[in-house]
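Protein chains: 2
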Amino acid sequence: MGLQLRSLVKQNGELELSLVEVETPSPQADEVVIRVEASPINPSDLGLMFAAADTNTLKQSGSRESPVVKATIPEARMKSMAGRVDRPMPVGNEGAGVVVSAGSSPQAQALVRKTVAAMGGAMYSQYRCVKIEQCLELPPGTTPAEGASCFVNPLTALGMIETMRREGHTALVHTAAASNLGQMLNRICVKDKIGLVNIVRTKEQQQLLKSQCAVHVADSSAPTFVQDLTQALVATGATIAFDAIGGGELAGQILSCMETSLTRFVTEYSRYGTGIHKQVYVYGTLDTGPTVLQRNYGFAWSVSGWLLWPFMNKIGPAAVQKLKERVVAELKTTFASRYTKEVSLAEALRLDEIAIYGKRATGAKYLVNPNKAVAG
Amino acid sequence: MGLQLRSLVKQNGELELSLVEVETPSPQADEVVIRVEASPINPSDLGLMFAAADTNTLKQSGSRESPVVKATIPEARMKSMAGRVDRPMPVGNEGAGVVVSAGSSPQAQALVRKTVAAMGGAMYSQYRCVKIEQCLELPPGTTPAEGASCFVNPLTALGMIETMRREGHTALVHTAAASNLGQMLNRICVKDKIGLVNIVRTKEQQQLLKSQCAVHVADSSAPTFVQDLTQALVATGATIAFDAIGGGELAGQILSCMETSLTRFVTEYSRYGTGIHKQVYVYGTLDTGPTVLQRNYGFAWSVSGWLLWPFMNKIGPAAVQKLKERVVAELKTTFASRYTKEVSLAEALRLDEIAIYGKRATGAKYLVNPNKAVAG
Chain A
1 MGLQLRSLVK QNGELELSLV EVETPSPQAD EVVIRVEASP INPSDLGLMF
51 AAADTNTLKQ SGSRESPVVK ATIPEARMKS MAGRVDRPMP VGNEGAGVVV
101 SAGSSPQAQA LVRKTVAAMG GAMYSQYRCV KIEQCLELPP GTTPAEGASC
151 FVNPLTALGM IETMRREGHT ALVHTAAASN LGQMLNRICV KDKIGLVNIV
201 RTKEQQQLLK SQCAVHVADS SAPTFVQDLT QALVATGATI AFDAIGGGEL
251 AGQILSCMET SLTRFVTEYS RYGTGIHKQV YVYGTLDTGP TVLQRNYGFA
301 WSVSGWLLWP FMNKIGPAAV QKLKERVVAE LKTTFASRYT KEVSLAEALR
351 LDEIAIYGKR ATGAKYLVNP NKAVAG
Chain B
1 MGLQLRSLVK QNGELELSLV EVETPSPQAD EVVIRVEASP INPSDLGLMF
51 AAADTNTLKQ SGSRESPVVK ATIPEARMKS MAGRVDRPMP VGNEGAGVVV
101 SAGSSPQAQA LVRKTVAAMG GAMYSQYRCV KIEQCLELPP GTTPAEGASC
151 FVNPLTALGM IETMRREGHT ALVHTAAASN LGQMLNRICV KDKIGLVNIV
201 RTKEQQQLLK SQCAVHVADS SAPTFVQDLT QALVATGATI AFDAIGGGEL
251 AGQILSCMET SLTRFVTEYS RYGTGIHKQV YVYGTLDTGP TVLQRNYGFA
301 WSVSGWLLWP FMNKIGPAAV QKLKERVVAE LKTTFASRYT KEVSLAEALR
351 LDEIAIYGKR ATGAKYLVNP NKAVAG
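Protein chains in written order, with this note's numbering: chain A, 1 to 376; chain B, 1 to 376.
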């Protein structure tokens, strides 16, 4: 038996977060049970956890040990919830812990007492039974906290670079670049000598990245933003961007500045713009408003959704394995994550904590330890 | 010597259209000179001809035989004109006429006195010297008027279907579907039994397409538009769209209705939407306003520019040749074009005519005959 965090959307438009006692399954031959000790709260977890609820309506009830959080989902957003109504969803894409029991196969048995990371969902649980192929054995001396974010951010950052290469680009643009993921991407690009144009929203974020050896950092709040961005695009030749923001004018601005940077190399006029393909991948929704495209950059462009999971399906397990091996090899350097705070499952449902980690735009990053004493 | 229509953007933001006498070059071994007798005014020609000029500022001067039209280009739009400032541009993507002289090669000589179509630009000229590979010999009994629109619309329509197939879709959506091009696409789809969802903007256009055996025609002005479109998407399974409009909410609405139609086949809930890729290609700019994407359709989507020329480069000359052969074989049926009016070069520069053919949104389609008596 163990506690598990659940997110429930009810037919009447109410969101309910609570902790439930769940049976820990006996592992099958190729499965292990992990006592989860560290699981990050990623932006991708917030989406599943809080659905489309209006965070101004959050209310707490229940006890200190077993809190219940409720909120209202605007009626207009309920349509997109149809698939999950009245089905309690466990949360937590990834995490790490110690294997406490294992199925009969030698590979499963070999993991007993080992510290492993796993990407299997439902990681905000005290015990989690997963297939061995979902596990990554961590090197000796690695703590669960150090291995908690092995997958989502590292594979997303590496996936961006892999996508860039496979689609024939040689440098890339990243927005919300001061995020945990953005800093990681910058470390990879510095190490691998890949041209990276970081776009941030404040002078402080610009300085942070500069202090981490970033070469190109454009601040979208600066009056010189368009020139700064264009100059960085000329310097790097970047024609692909990964955008965490989604809403507003930024995706289109990037395409426009790319086109301006490219016309320097084109001699013949074409009213259809340059023939050089410009790509923006939207992989996040920090701004839930509409994406506004002015289309003042010819016809050789594309704005598309991008997600880690379909990307991994596309490149196949062998290529994914290579990426994972790199993550493990550089877990304490390139792929190190820092956390603002470690919380228990019950603490994760406190309104004052939600107010901090729920603000997607800040640098605050929480780590859930489901086996930490219930109330800290 | 012969007359040629020229479009000139001046440094001071003035657009000038005029007729100039140009030398007819002596054809090289692999070239022929065509006396152009029919060249359509396509939307793609209007863009080059009128640049970004404000059509409310159009003014006429010059003589009846040699008119000059001037207009003002808004300052904000001049940036995108940089490549063509002070360079007079000839206009006219495609046309047909009779070969009046030819270079020394047997292939060139074989075309003398033949009626040919050509896609070479500068077709609003009395005489046009082109390479033989740009020519398509028309079957005996075909008039220049019948062959004038051999390329742009037919190859665009076939290119959409080819793109659909190559990208793994089995049915398609088309906007501004009552256009000349749209009616042509509908004839191809009826003949080849391909699922086509036509989107139009009026009840009259809906009836027009219905009278031409179109199965699915959704009228975006109808209050039931979203349901009508979704139903047609369910019936056809279309997951790719070609959008001539560009601006506004329509591209996003199509993606949203596609996603709704697809969720019927998906059993497991994912807050990232279905994994089925949805594509909108923007190939026109009937609405020059921004494209507004609400992104309420998961992450498996793409909105991209699409143009005939890069598409042809991509599939290569052998594949293009096959498409051209089909056009010639069905020139008087599937690929027949109808014209509202035939005008001379001088008439094409009359303000009252520009007021009609310049309105991209109407069904009015003009044919320029550069060898028609100057003023009709």
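These are computed hints drawn from the structure, not numbers from a lab.
A virtual CB, placed ideally from N, CA and C, is assigned to each residue, including glycine.
Take the hints with a grain of salt, since some may be wrong.
Simulated restraints, written as ranges between beta carbons of each label pair [unchecked claim]:
hint : chain 1 : residue 1 : chain 2 : residue 2 : range
1    : A       : Gly248    : B       : Thr72     : 53 to 59 angstroms
2    : B       : Lys10     : A       : Ala222    : 53 to 59 angstroms
3    : B       : Lys322    : A       : Gln321    : 40 to 46 angstroms
4    : A       : Val226    : B       : Asn12     : 22 to 28 angstroms
5    : A       : Thr143    : B       : Gly237    : 48 to 54 angstroms
Hints, one by one, checked against the model:
1. A/Gly248 <-> B/Thr72: 53 to 59 angstroms: 31 angstroms, violated
2. B/Lys10 <-> A/Ala222: 53 to 59 angstroms: Cβ of B/Lys10 to Cβ of A/Ala222: about 34 angstroms, so the range 53 to 59 angstroms is violated.
3. B/Lys322 <-> A/Gln321: 40 to 46 angstroms: Check passed, 42 angstroms falls within 40 to 46 angstroms.
4. A/Val226 <-> B/Asn12: 22 to 28 angstroms: The hinted range 22 to 28 angstroms holds for A/Val226 and B/Asn12, with Cβ atoms some 25 angstroms apart.
5. A/Thr143 <-> B/Gly237: 48 to 54 angstroms: 50 angstroms, holds
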